[in-house]
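Top line first, the protein sequences correspond to chains A and B. Residue 42 in numbering that gives the first Met the number 0 is what sits at position 43 of the first sequence, and the numbering runs on without skipping anything. Residue 224 in numbering that gives the first Met the number 0 is what sits at position 225 of the second sequence, and the numbering runs on without skipping anything.
One thing to keep in mind: the hints can contain errors.
[Unchecked claim] Lysine-lysine pairs mimicking DSSO-like chemistry, simulated, CA-CA at most 27 Å apart:
#1 1(A) x 100(A)
#2 244(B) x 91(A)
#3 1(A) x 412(B)
#4 244(B) x 177(B)
#5 91(A) x 103(A)
#6 91(A) x 245(B)
#7 177(B) x 5(B)
#8 2(A) x 244(B)
#9 116(B) x 91(A)
#10 245(B) x 55(A)
#11 412(B) x 2(A)
#12 177(B) x 91(A)
#13 2(A) x 335(B)
#14 335(B) x 55(A)
#15 5(B) x 335(B)
#16 2(A) x 245(B)
#17 245(B) x 317(B)
#18 244(B) x 22(A)
#19 55(A) x 317(B)
#20 5(B) x 1(A)
#21 335(B) x 1(A)
#22 55(A) x 116(B)
#23 2(A) x 103(A)
#24 251(B) x 55(A)
#25 5(B) x 251(B)
#26 412(B) x 55(A)
#27 317(B) x 335(B)
#28 317(B) x 1(A)
What the hints contain is simulated information worked out from the structure, not anything from laboratory work. Small disclaimer: the values here were computed from a predicted structure and weren't measured.
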Amino acid sequence: MKKDYILHLISEISNYILESSPKRMVISLHQEYDGLHLAVLDDHERSDEDIEEISKTLNTGARPELSEYYGSMGGTDLVGAARLNLIGWQIKRADVSRIDKGTKIDLWIGSDRFDSSKFNIPD
Amino acid sequence: MLLFEKTLYRLMAASLGVFALVGLLSDGLAESLQGFIRLQQHPARLINDFTVVGGIGGAMLNAFIMGILSLLIIRINSIRLSGPTVAAVFTIIGFSLFGKTPLNALPVIAGVYLAAKLVGKPFKNYILIGLFGTAMGPLVTFLVYESGFTGPAALLIGIVGGVAAGLLLPAVAVAMLKLHEGYNIYNIGFTSGFIGLFAAALLAAGGQDVGIRVIWNDQPSLLLILLVPVLCVLFIGWGVAMDRKKLFGNLKNILQQTGRLPSDFMEIASPGSALVNAGILGLVFSVYLLFIGADFNGPIIGGLLTIIGFATFGKHLKNSWPVALGVIAATLLFGKSLTAPGPVLALLFGTTLAPLAGEFGMYVGFAAGFTHLLIVERTAAWHGGLDLYNNGFAGGLTATFFVAIIEWIDSNKREKR
């Protein structure tokens, strides 16, 4: 997968995580031939509503008319709030879960042939 | 197709029906057709009021056909009819009252299509750039009718020019977006103005006259005055029927949005509340224009229709009023007329800077609106009116200026902490 695309995603999701001033943030990237898995963990505790909202925004589904054009802004803007919808339009699926004193966001990215269930990501 | 899209398509059909009705009631079918043909043979650079050039019937028929064409392009490419596409359709309909025609729009869209194929991407990825990119249409008609070429050669040169502009649009649009970071809603206006600078320079170097001329209808009919308010009532009625009890909650959600690109209010809140927001914003601006005695002609109705369209994709009363007030203050301070073409169009289209007010507050919004009027009065001459979204161009410059300063202050504040 193209380096600049991955950098945009990492930058935008990092921007979002850093807005809550965590003491710890871990980014894990796993690349396969036809897709990738990006996992981001922090130590910021979020409410159920917050987690649901993040999940909803990241799982808005494909919007090709928006992702190619406006998605290019992802990770490049410095003022204003981070925007998860820029990521949501470009990924296949997102899982948001609570971990011990923090949140884990899994982003699954790939072409139409990509099946995220085939990934085996060690904890 | 999603369920709400069917309802939106019905609303689009009803809106286009209103345009057709106004055209037929004004001029009848035969005269409307003649007017429409006259428009295809006329230069379209800023500001050519089509209600003068082609008559009300011709202008309405042109808008009707352009609306159908844009909806067809959206449908054929299986793109969702939502905030951004509704904004594109209404912008195209609006500008078809003062610049866009099928003849000058299609080559630009073809250019964007070719650009997509050139990089191996589906056209649907660039569809918004293609639709909004029809702002470059006047380049086509300039080459066909004003450049001195005649016959099939003129047509060929015009089409080649339009396709070339379309080819450049995606690359430049993405770069322009990063300059203002989404705080200028009419990004393709900024992009087209930027490309237009080079095109105008090339034409001027070749000895062409790219001076600005204004054709302005200062005696619009009652039907033109009523057109936008009727559409707004239609939007509000449609929206209320779609949202029912959830309407006020969803409208409240819209008013909390900054409006920064891309803000699809139909996705963020709901399609119904976005339509009501559009209707309210259109009515408020219509009442203001009636109050100051502005001419409800092609360009002004175009401005109102663009506001209505973008009220589903970034604009609402809360983020628009500070910018509008800034434009009014600058108009009065510098002794200009509130109803003169420049200031009145700046008031309507200046709301492209609404996200600045939405994100950074009313004072920044006011200052941006104030600055916008000063810039927009100069920029049309720079690109020779080849970019129909001149306010988008000026708005892009203003937004980039403000974002640069805010970013610098913000990053230095962070360093101190």
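For each hint, the structure was consulted:
Taking the CA atoms of residue 1(A) and residue 100(A), the gap is about 33 Å. The hint is violated against a cut of 27 Å. The hinted pair formed by residue 244(B) and residue 91(A) fails the criterion: a straight-line CA distance of about 34 Å is larger than 27 Å. Taking the CA atoms of residue 1(A) and residue 412(B), the gap is about 34 Å. The hint is violated against a cut of 27 Å. With a CA separation close to 39 Å, the supplied pair residue 244(B) and residue 177(B) exceeds the 27 Å bound.
For the hint linking residue 91(A) to residue 103(A), the alpha-carbon distance of about 17 Å falls within 27 Å, and the restraint holds. The straight-line distance between the Cα atoms of residue 91(A) and residue 245(B) is roughly 30 Å, outside the 27 Å bound, and the hint therefore fails. This hinted pair does not check out: residue 177(B) and residue 5(B) have alpha carbons roughly 34 Å apart, beyond 27 Å. Annotation: proposed proximity of residue 2(A) to residue 244(B) is violated, straight-line Cα distance about 47 Å (limit 27 Å).
Annotation: proposed proximity of residue 116(B) to residue 91(A) holds, straight-line Cα distance about 23 Å (limit 27 Å). Annotation: proposed proximity of residue 245(B) to residue 55(A) holds, straight-line Cα distance about 19 Å (limit 27 Å). Taking the CA atoms of residue 412(B) and residue 2(A), the gap is about 32 Å. The hint is violated against a cut of 27 Å. About 25 Å separates the Cα atoms of residue 177(B) and residue 91(A), which keeps this hinted pair within 27 Å; it holds.
Restraint check: the Cα-Cα separation between residue 2(A) and residue 335(B) comes to about 52 Å, which exceeds 27 Å; the hinted pair is violated. Restraint check for residue 335(B) and residue 55(A): not satisfied, since their Cα atoms lie roughly 49 Å apart, outside the 27 Å limit. At roughly 45 Å between alpha-carbon atoms, residue 5(B) and residue 335(B) are farther apart than 27 Å, so this suggested pair is violated. A C-alpha spacing of about 43 Å is found between residue 2(A) and residue 245(B), which places the hinted pair above 27 Å, so the restraint is violated.
A threshold of 27 Å between alpha carbons decides the hint, and for residue 245(B) with residue 317(B) the separation of about 20 Å falls inside it, so the pair holds. Restraint check for residue 244(B) and residue 22(A): not satisfied, since their Cα atoms lie roughly 43 Å apart, outside the 27 Å limit. At roughly 26 Å between alpha-carbon atoms, residue 55(A) and residue 317(B) fall within 27 Å of each other, so this suggested pair holds. Distance check on the hinted pair: residue 5(B) and residue 1(A) sit about 37 Å apart at the alpha-carbon level, beyond 27 Å; violated.
A distance of roughly 52 Å separates the Cα atoms of residue 335(B) and residue 1(A); the hinted pair therefore is violated under the 27 Å criterion. In summary, the hint linking residue 55(A) to residue 116(B) is not supported, as the alpha carbons are separated by about 33 Å, beyond the 27 Å threshold. Simply put, residue 2(A) and residue 103(A) have alpha-carbon atoms about 23 Å apart, close enough for the 27 Å limit, and the pair holds. In summary, the hint linking residue 251(B) to residue 55(A) is supported, as the alpha carbons are separated by about 19 Å, within the 27 Å threshold.
Using a Cα cut-off of 27 Å, the hinted pair residue 5(B) and residue 251(B) holds, with the two alpha carbons roughly 25 Å apart. Between residue 412(B) and residue 55(A), the direct Cα distance comes to roughly 33 Å. Violation of the 27 Å bound is thereby established for this hinted pair. With a C-alpha separation of about 26 Å, the suggested pairing of residue 317(B) with residue 335(B) holds against the 27 Å cut-off. Between residue 317(B) and residue 1(A) the CA atoms are separated by roughly 40 Å; this puts the pair beyond 27 Å, and the hint is violated.
Consistency note: the structure conflicts with the earlier hints numbered 1, 2, 3, 4, 6, 7, 8, 11, 13, 14, 15, 16, 18, 20, 21, 22, 26 and 28.
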